Structures are given as C-alpha cells and as structure tokens.
Amino acid sequence: MSGGVMPPAPKPVPAGFEPAFFPKRMGGAAAGAAGEPRTRIVVVGHVDHGKSTLIGRLLADTDSLPEGKLEAVEKACREEGMPFEHAFLLDALLEEQAQNITIDTTRIEFRHGGRAFQIIDAPGHREFIKNMVTGAAAADEAILMIDAKEGLKEQTRRHGLLLSLLGVAKVIVAVNKMDLVDWKEGRFRELEKEIREYLGGLKISPREVIPISAREGSQVKNPDAKRLGWFRGPTLLQALLAGAPGGGRAGDVAGPLRFVVQDVYRFDDRRVIAGRIESGTLKVGDSVVFFPDRKTTRIKTIEDWGNPDPVRELGPGRAVAVTLEEQIFVERGHVGAHEDLPPVESREVRARIFWLDAEALRLQAPVQLRLATQNVEARLVAIDRVVDAEKLEQKSGAREEVGRFEVAEVRIRCRRPLVYDAHDRVEPLGRFALQQGPRLGGGGIVLEAEYPARLAKAVTGEHLTWTEGRVSQEARAAHFGHEGAVIWLTGLSGSGKSTLAVALESLLFRRGIASMILDGDNLRHGLCADLGFSLEDRAENIRRAGEMAKLMAESGLVVISSLISPLRKERQAVRSACHAAGVNYSEVFVNAPLGECEKRDPRGLYRKARAGEIKGFTGIDSPYEEPERPDLVLRTDRENVESSVGQLLRHVLGLVRLKDEDRESAEGPGGQI
Amino acid sequence: MSYLQTLEDQSIYIFREAFSNFKNMAMPWSMGKDSNTLIWLAKKAFAGKIPFPLVHIDTTYEFPEMLAFREWARKHYDIDLIVIVNEEARKRGVGYETHDPVTVTHELKSAALQQALAKYKWDALVTGIRRDEDSTRAKERYFSPRTADNEWEYRDQPPEFWGQFTTAVKPGEHVRVQPLLDWTELDVWEYIRREGIPVPKMYFAENGRRYRSLGCWPITKSVESQVNTIEGIIEELKSTKTAERAGRAQDHHERNAMQKLRAKGFL
Numbered sequence: 138m139s140g141g142v143m144p145p146a147p148k149p150v151p152a153g154f155e156p157a158f159f160p161k162r163m164g165g166a167a168a169g170a171a172g173e174p175r176t177r178i179v180v181v182g183h184v185d186h187g188k189s190t191l192i193g194r195l196l197a198d199t200d201s202l203p204e205g206k207l208e209a210v211e212k213a214c215r216e217e218g219m220p221f222e223h224a225f226l227l228d229a230l231l232e233e234q235a236q237n238i239t240i241d242t243t244r245i246e247f248r249h250g251g252r253a254f255q256i257i258d259a260p261g262h263r264e265f266i267k268n269m270v271t272g273a274a275a276a277d278e279a280i281l282m283i284d285a286k287e288g289l290k291e292q293t294r295r296h297g298l299l300l301s302l303l304g305v306a307k308v309i310v311a312v313n314k315m316d317l318v319d320w321k322e323g324r325f326r327e328l329e330k331e332i333r334e335y336l337g338g339l340k341i342s343p344r345e346v347i348p349i350s351a352r353e354g355s356q357v358k359n360p361d362a363k364r365l366g367w368f369r370g371p372t373l374l375q376a377l378l379a380g381a382p383g384g385g386r387a388g389d390v391a392g393p394l395r396f397v398v399q400d401v402y403r404f405d406d407r408r409v410i411a412g413r414i415e416s417g418t419l420k421v422g423d424s425v426v427f428f429p430d431r432k433t434t435r436i437k438t439i440e441d442w443g444n445p446d447p448v449r450e451l452g453p454g455r456a457v458a459v460t461l462e463e464q465i466f467v468e469r470g471h472v473g474a475h476e477d478l479p480p481v482e483s484r485e486v487r488a489r490i491f492w493l494d495a496e497a498l499r500l501q502a503p504v505q506l507r508l509a510t511q512n513v514e515a516r517l518v519a520i521d522r523v524v525d526a527e528k529l530e531q532k533s534g535a536r537e538e539v540g541r542f543e544v545a546e547v548r549i550r551c552r553r554p555l556v557y558d559a560h561d562r563v564e565p566l567g568r569f570a571l572q573q574g575p576r577l578g579g580g581g582i583v584l585e586a587e588y589p590a591r592l593a594k595a596v597t598g599e600h601l602t603w604t605e606g607r608v609s610q611e612a613r614a615a616h617f618g619h620e621g622a623v624i625w626l627t628g629l630s631g632s633g634k635s636t637l638a639v640a641l642e643s644l645l646f647r648r649g650i651a652s653m654i655l656d657g658d659n660l661r662h663g664l665c666a667d668l669g670f671s672l673e674d675r676a677e678n679i680r681r682a683g684e685m686a687k688l689m690a691e692s693g694l695v696v697i698s699s700l701i702s703p704l705r706k707e708r709q710a711v712r713s714a715c716h717a718a719g720v721n722y723s724e725v726f727v728n729a730p731l732g733e734c735e736k737r738d739p740r741g742l743y744r745k746a747r748a749g750e751i752k753g754f755t756g757i758d759s760p761y762e763e764p765e766r767p768d769l770v771l772r773t774d775r776e777n778v779e780s781s782v783g784q785l786l787r788h789v790l791g792l793v794r795l796k797d798e799d800r801e802s803a804e805g806p807g808g809q810i
Numbered sequence: 009m010s011y012l013q014t015l016e017d018q019s020i021y022i023f024r025e026a027f028s029n030f031k032n033m034a035m036p037w038s039m040g041k042d043s044n045t046l047i048w049l050a051k052k053a054f055a056g057k058i059p060f061p062l063v064h065i066d067t068t069y070e071f072p073e074m075l076a077f078r079e080w081a082r083k084h085y086d087i088d089l090i091v092i093v094n095e096e097a098r099k100r101g102v103g104y105e106t107h108d109p110v111t112v113t114h115e116l117k118s119a120a121l122q123q124a125l126a127k128y129k130w131d132a133l134v135t136g137i138r139r140d141e142d143s144t145r146a147k148e149r150y151f152s153p154r155t156a157d158n159e160w161e162y163r164d165q166p167p168e169f170w171g172q173f174t175t176a177v178k179p180g181e182h183v184r185v186q187p188l189l190d191w192t193e194l195d196v197w198e199y200i201r202r203e204g205i206p207v208p209k210m211y212f213a214e215n216g217r218r219y220r221s222l223g224c225w226p227i228t229k230s231v232e233s234q235v236n237t238i239e240g241i242i243e244e245l246k247s248t249k250t251a252e253r254a255g256r257a258q259d260h261h262e263r264n265a266m267q268k269l270r271a272k273g274f275l
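As given, the protein sequences belong to chains Z and F, one line each in that order.
Position 440 (the first sequence) corresponds to 577 in my numbering; numbering is contiguous.
Position 36 (the second sequence) corresponds to 44 in my numbering; numbering is contiguous.
One or more of the hints may lead you astray.
As the list claims (entries may be wrong) - Here are the simulated lysine-lysine pairs, DSS-like style, with alpha carbons at most 25 Å apart:
(1) Z:K161 <-> F:K209
(2) Z:K340 <-> Z:K330
(3) Z:K148 <-> F:K229
Said to hold, decoys possible - Which residues of chain F face chain Z? A partial, calculated answer using Cβ under 8 Å:
(4) P167
(5) V207
(6) F212
(7) E214
Simulated from the structure, these hints should not be mistaken for lab results.
Remember, predicted model here, so these are calculated numbers, not experimental data.
Just so it is clear, CB atoms sit at the ideal spot from N, CA and C, and this is done for glycine as well.
Generate the whole structure from the sequences, applying the supplied hints.
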C-alpha cells in the first residue's frame with residue numbers, strides 16, 4: 138500500500154458466527170422515532186448579492202461546520218493566495234473556487250435554537266435557473282437576497298416570480314451588504330418599499346424584510362446595535378426560528394382524496410395497487426372511483442410489509458399499497474377519488490407555465506405533459522399572456538412561442554383526457570412538468586378547473602358499463618381531415634344565432650368540413666317534445682341538447698348549437714361534459730343588447746312577452762347570464778353579418794383543422810380499428 | 009406526520025417511480041447500514057418482494073464478517089444476488105499491497121461496476137448515497153443520469169421537481185436512482201431503530217473499537233467506542249462532529265479525491 142502500512146489481514150470468522158445484529162423493532166414507541174423535522178430554506182437572488190457568503194456565515198455563526206472544515210478552507214485560501222471568505226466554506230468544488238460562482242443546488246444542514254434547518258443554495262446566474270427551480274420546489278421557506286448597493290436586479294424579480302409559481306409562499310427578504318451603503322436606513326427603506334410592492338403583485342407578503350451584512354456578521358445571528366440600531370426587527374436567525382417547523386408541505390388530511398397510482402404489482406397471488414395519497418384520507422372499506430375510467434370498487438386491504446399491526450387508514454403524503462374488492466382495470470396514471478369530490482377530467486388545461494429549455498416551446502408543437510404519474514402528449518393551443526418579470530405586465534404582441542426562462546399563461550390541449558385539480562384546491566394534482574426531449578423542460582400550475590356538478594350516473598351505476606368504441610378520436614379526425622367540435626352559440630332571442638349558424642354551416646360544408654346545426658326550437662319538436670318552459674324543463678332541454686351535441690361531435694362532426702341557454706351553470710355543465718369526453722368545445726357569445734334584439738323581434742316574440750302572452754321570456758321576465766369568459770364574442774349590433782360570420786369561421790377553422798404534422802402522426806382509419 | 013415517515017414515504021415513491029420507468033434496474037449492495045435500509049424500503053415499496061437483482065461488488069478485500077452477513081441476508085430476504093469481481097485487475101496485480109487507495113477503489117469498484125453495466129445492460133442503478141455524506145454528494149439529484157462512460161456531468165444536471173424525474177436514457181447510459189438522498193446518517197440509524205432492521209455486527213463495539221463506515225479492510229479503520237446498542241450509536245452521533253467517512257483512506261488521499269472518484273462513476 139503506497140504511502141501507508143498495510144494492516145494485517147482480518148481473521149476468518151469462527152464457525153457458527155452470527156453476522157447480523159437484530160435491533161428490537163420499536164415502531165412509534167422509539168424515542169426520536171419521529172425524527173427531527175428540518176425546515177428547508179432556499180436562498181435565492183441575483184448573482185453576487187451574497188448568497189454563498191450568507192450561508193457560510195450561518196454555518197460558522199451557528200457552529201455547524203464539521204470539525205476542521207473552517208481551518209481546511211483557510212489553509213486552502215493561503216495556498217491559493219486568496220483572502221478568506223465565508224462563501225468558500227460552501228464552494229467545496231475546486232472549479233467553483235476558480236470561477237467564484239455556485240454551479241448547482243447544494244444542501245447544507247445547520248442547527249440553531251434547538252431546530253434543524255437545511256439550506257438549499259440556489260445559484261443566481263441566469264443559466265442556472267433550472268437548478269434554482271429544482272431547489273426551490275422542495276423548499277418550505279425562501280430567503281431572497283438583495284444587494285443594498287445594487288438594488289433589485291433582473292434575477293431578484295425573476296426568482297420572486299418563480300417562488301410564486303413553485304408554491305413557496307413564505308419569504309424572508311434579506312437586504313445584504315449594508316456595510317457598502319454606510320448602514321443607511323434611508324436606502325434600506327427605499328428597497329423595502331420596492332420589494333414589498335413587487336412581491337405584493339405576486340400575492341407574496343414577505344414575513345420580514347431585514348437589513349444585514351453577511352460579511353460583517355451584522356443582524357444574521359446577532360443584532361448590530363452600533364450600526365443598525367435604527368432597525369427594530371429581528372435578526373435573520375430569529376426570523377427563521379419564528380417560522381413553523383418544516384417537514385414537507387404535506388397535503389390536506391380533510392381535503393378530497395387523491396390516490397395517485399404508480400403501478401400494479403402481481404409478484405404473488407395478490408394484485409397490489411401501489412401509489413401515493415396526495416390529498417385526503419384513504420380507509421379500508423372506502424368506495425373509490427378510479428379516473429379516468431371511472432370504475433368503482435372498495436378498498437379491501439392496505440398492505441404494509443414489515444408492520445405486524447394491520448393498517449386501516451392512511452393520510453396525505455403516505456406511500457400506499459392496497460388490494461381491491463373487485464378486480465377492476467386500474468393502471469399507472471389513474472387517480473382514485475371518493476365519488477362526492479371528484480377531480481376534473483378534461484383534455485383542456487388553462488395554466489401558468491415557466492419554461493427552462495434552450496429550445497422554445499412553440500404553439501402546436503407536441504410536448505409531454507407529466508402530472509402526478511400521468512404522461513400525455515399535449516400541445517399549446519393558445520398563449521394568452523407572457524409575463525414580463527421586470528414589470529409583471531403582459532409583453533406586447535401576439536406570441537407564437539414561450540422562450541427560455543419566460544413565464545406565460547397558456548391553454549393546453551391533451552391527446553387524451555387528463556385527470557387534474559385546480560392548483561389552489563389540490564396542489565399536487567394542480568401542477569405538472571413539461572418535457573420536449575429527455576429532460577424536463579418546464580412546468581406549470583393549473584389556474585382553473587371545471588369541476589363536474591355530479592358524476593354521470595351511467596358510468597358509476599352498478600349494473601351499467603361504458604361501451605368503448607374501437608375507433609379512436611384521432612383516427613376519426615384523420616379520416617375526416619378535421620376534429621369534431623361543439624360550437625355553442627349563446628345569446629338573447631333575436632341576437633342573430635340562427636342566422637350565423639346557417640351561414641357557418643354552409644361555409645364549413647363547402648370546405649369539406651362535416652357540420653350540422655342543432656337548433657333549440659327544432660329539438661323541441663322531437664327529442665325534447667315532452668318538455669315545457671318551466672325552469673326545470675328548460676334546464677333539461679339544455680342538458681339533452683348538450684349531450685346530443687357532444688355525441689355528434691365525438692362522431693367527428695362540427696356541431697353548431699343555437700340555443701339561448703341563458704344560465705352559466707348549464708353552459709358550464711355542457712363544457713365540462715365535452716372536455717371530459719375529449720371533445721373540442723367553444724362558447725361563442727352572440728352579443729346584441731336587449732334593446733336591439735327587441736327592436737329586431739324577427740318572430741314577434743318580444744311583443745308577445747311584453748303583452749304577457751309569453752311567460753318567463755329570457756330578457757323580459759327571466760334572466761340571461763352573460764358568459765364570463767367566452768371563447769369568442771360577436772357584437773352583432775355593431776358589425777354586419779359578413780364580418781361576424783368571417784370571425785366565426787376563422788375561429789372554428791383554428792379549432793378543428795388538423796395541423797399537417799398531426800395528420801401525419803395520427804394513424805389512418807385503418808391503423809387503429 | 010413524523011419526519012422519518014416523510015423520508016420513508018419519499019424513498020418508497022422514488023423506488024416505485026424507478027421500477028415503473030426503467031426496464032432493467034439493479035441495486036448495488038454494500039451490506040452497510042444504508043444498503044440494508046434500502047433493502048428494507050424496497051421490501052415495503054414492492055409489498056415484500058424485491059423485483060430486481062442486487063449487486064455486490066466484491067473487491068476481494070471484504071471483511072469475513074461482511075461476507076458472512078451477505079450469505080445470511082441473501083437467504084433472509086430472498087434476494088436475487090449478483091456478485092462481481094474485477095478478476096482482470098486482480099490478475100494485473102492491482103491491490104492495496106502495491107497501489108494507492110484511489111487507484112484500487114477505482115479499479116476494484118468503479119471499473120468492476122462498469123464491466124457489469126456493459127454485461128448486464130442495466131438502465132438504472134439504485135444507490136444509497138446521501139447528501140450529508142460530503143459536499144459533492146450534496147449536489148446530487150434523486151434521478152441522476154450517467155453517460156455511457158459512466159461519468160457524472162455535474163456541471164449540467166437536469167432539473168427535477170414535484171416528483172417528476174429524469175427517466176429517459178439513451179442506449180448505454182443509465183440513471184442513478186438515489187432514494188436516501190435527503191436522509192442524514194442520524195436519520196438512517198433512527199429509522200433502523202424504529203423498524204428493527206438487521207445490520208452487520210461490525211457497527212458495534214468489540215474490545216473498545218467499532219466501525220462507523222464499512223469498506224475494504226486495508227483502508228477502513230475502526231474508531232474508539234464502547235457503543236454496543238443502536239441507542240448508543242445515536243447518542244454518539246449526536247455528540248460528535250467527526251465526519252462519517254473520516255475512517256476511509258481513499259477520500260483523503262489528495263485534494264478533491266471525492267470529486268474525481270464520483271465523476272468517474274464511484275457510488
């Protein structure tokens with residue numbers, strides 16, 4: 138052994154040697170079995186605003202360095218002929234010392250005041266934002282560093298924006314390098330005001346804004362009465378101690394059950410469904426619906442290897458393995474929920490996304506969307522707004538792509554239904570990653586979700602099953618050369634719905650697009666002949682029309698529905714049903730003021746309503762609820778018919794026309810039958 | 009929920025994600041405390057059956073007590089175990105008697121693993137590394153891609169968040185799956201105590217000395233200790249600041265030794 142003395146070879150073990158030590162299983166009774174929660178803190182901010190120096194200072198001041206570490210770094214500095222800095226304590230890699238920047242997320246533990254903390258150091262360089270995202274996504278709390286002399290810089294703002302996207306709501310702002318601005322209160326207050334305003338725009342209210350000097354050790358562990366005497370707030374460490382101990386952002390025990398399936402194992406005679414409870418509580422005996430197939434069964438057992446005591450229920454965050462009463466079809470990607478609090482099931486997602494990849498995310502380009510254990514092919518169908526980190530305002534001009542490090546509000550369409558929740562309702566089911574190559578390229582949070590009022594009975598009923606056709610929607614679309622859709626025209630009587638519907642149908646048909654009008658009055662002659670005009674009957678009329686339209690669109694037609702459909706709730710139900718079935722749905726508000734419609738009165742109905750001959754007439758003695766967020770608005774009182782029809786046609790063509798690449802990738806009708 | 013429980017659940021989630029996403033995974037197994045904790049977690053993740061092989065890289069400098077433990081565990085846990093020796097390097101005379109520890113570790117561990125990767129074509133390897141072990145490991149990911157040359161591109165690592173990991177590999181590449189990344193040495197011992205996980209006897213004091221970390225016998229030193237219970241180990245850990253791997257010679261041979269070893273594929 139070069140440079141050392143070879144020790145003598147160990148003796149062979151005696152016969153009958155027992156090599157294993159068996160500790161007594163303590164279970165929850167073990168002292169310390171709880172483990173000690175570590176509050177995970179991400180340190181972010183612009184490059185050179187002092188993040189590494191602060192971390193080195195925290196480690197040194199809390200006496201958390203391993204024995205000999207401080208001396209070793211001091212020695213290395215002497216050898217390299219550099220003055221010692223606290224930042225070097227962290228930069229253990231040689232090349233980091235050479236470049237004087239932190240290249241990746243590091244995690245360092247320290248203890249203070251009886252609590253354990255784990256620091257995630259996130260690099261400030263723009264190119265390393267992916268590392269910052271990796272670190273911050275796991276953090277309980279953030280320290281945002283600002284250089285007192287330089288003030289807010291690009292990365293200060295961008296990191297703030299990303300913290301809001303990643304769900305880190307607890308933020309402490311440290312205004313560092315106060316020594317460089319002569320410890321002046323005026324400069325601190327100025328920066329405090331600026332950062333509070335900026336973070337306020339992101340709905341983040343910082344817990345504290347503290348003036349410090351990491352290099353001098355001021356206001357980090359100890360207050361600096363001499364130079365920062367004007368500051369009445371806590372030191373940085375006092376502020377950290379005042380926060381709640383971390384230990385993961387656990388889901389809501391009382392929230393809706395979301396049992397995310399990772400896999401199904403058949404290693405022995407059991408069929409084990411393995412996954413994680415992201416929200417709510419799962420009990421043995423529970424009736425659970427598995428989305429998106431909506432098959433229902435009861436939980437027979439919870440399997441817990443190594444535990445002699447049977448487990449009856451588990452809460453959020455828990456890894457779980459169950460067996461089921463009935464052997465229904467379940468696979469990776471499915472989400473178990475209780476029937477009364479279902480997730481959303483839709484091909485459409487409205488989201489705020491961030492993008493990290495060098496290659497931009499382009500409109501209509503295929504991208505993998507990964508949400509919990511689901512992985513579906515998707516594409517951006519609209520970029521509503523690109524957020525400028527500097528001003529938090531919309532960047533000007535229509536956009537064809539979301540570039541590197543940009544944040545945008547977008548609409549995404551998936552190839553098959555996605556099971557999800559709104560981010561503010563069930564966080565783990567309301568966030569997703571996007572991937573174009575082998576690496577994650579970005580992520581996003583679901584801004585809103587259309588929850589079904591109730592689950593369709595036909596699927597959950599005990600003796601009914603859903604018959605799946607063998608021709609896929611993709612195959613139908615490839616066959617027709619366009620996708621099916623429901624174009625839902627809503628508006629007052631006399632607003633122009635029928636006129637537009639007739640014109641649109643004819644224009645689409647001439648372009649080879651199979652289309653069909655579904656007219657409210659016509660339906661009442663057949664399918665809905667048993668219905669009157671009570672509120673209940675009118676609601677049922679809309680429901681039937683919606684179901685009809687959905688089925689026709691599933692068959693590949695572009696259905697133009699022309700119904701007053703006055704209530705938001707009812708229109709919403711149709712939208713949800715369409716999205717759950719993976720059908721394009723577009724709400725078009727045919728908007729003409731009541732006065733104008735009454736003046737037109739093409740069928741003399743308003744006159745009869747005013748005269749009391751018709752009761753419950755929309756706009757007169759029955760309400761019309763305008764759409765809150767229609768996909769298209771046509772002001773038929775201001776524009777002529779040609780203009781309205783033109784807009785409508787462009788809108789519909791954009792919705793249903795296949796892109797060339799889609800046509801190539803979708804197998805022909807022969808391929809999937 | 010207790011913090012140890014959070015760690016256990018996260019590790020099980022990682023095990024299952026790896027098994028679902030990779031076709032041909034394996035788990036190197038050194039028989040140390042971390043390795044035995046991994047076996048325990050894998051048993052839980054897969055409801056009692058570990059559905060992939062374990063791999064022991066036998067340097068031929070193993071303590072006899074550890075080889076005895078290996079055979080005991082193989083039966084006890086019903087493990088599919090593959091044992092690898094870099095016979096070619098041993099024939100060339102590579103050994104602690106003649107070479108420095110960095111070279112020997114590279115040849116008998118990293119190169120041996122490299123040969124096995126080429127032979128068995130594993131696309132994922134589960135490792136027991138933890139961020140608290142040393143500062144280079146602090147930068148790891150849960151799913152950490154390795155190039156076809158088994159190298160770690162620590163300058164340009166993929167992002168990882170919200171339980172979404174890097175699961176795509178090119179032919180010849182593999183991903184290191186690291187379920188214990190967030191654990192500390194103390195967490196591991198407290199979990200062993202909570203669960204009653206069997207561990208090698210060498211961790212407990214005999215004649216006033218015990219091992220904190222177990223490697224090749226020529227370069228693994230015991231430390232002075234009277235501790236012969238798990239509780240004792242935990243107490244000792246809480247009061248000491250000596251780095252865990254201080255008893256391992258190859259880490260200290262030259263500056264940045266660990267960085268060099270890790271970039272070359274050392275676990």
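Verification of the hints:
no.: 1; hint: Z:K161 <-> F:K209; in the structure: holds, 14 Å
no.: 2; hint: Z:K340 <-> Z:K330; in the structure: holds, 15 Å
no.: 3; hint: Z:K148 <-> F:K229; in the structure: holds, 15 Å
no.: 4; hint: P167; in the structure: holds, 4 Å
no.: 5; hint: V207; in the structure: holds, 5 Å
no.: 6; hint: F212; in the structure: holds, 6 Å
no.: 7; hint: E214; in the structure: violated, 12 Å
Comparing the model with each numbered hint stated earlier shows that hint 7 is the single one that does not hold.
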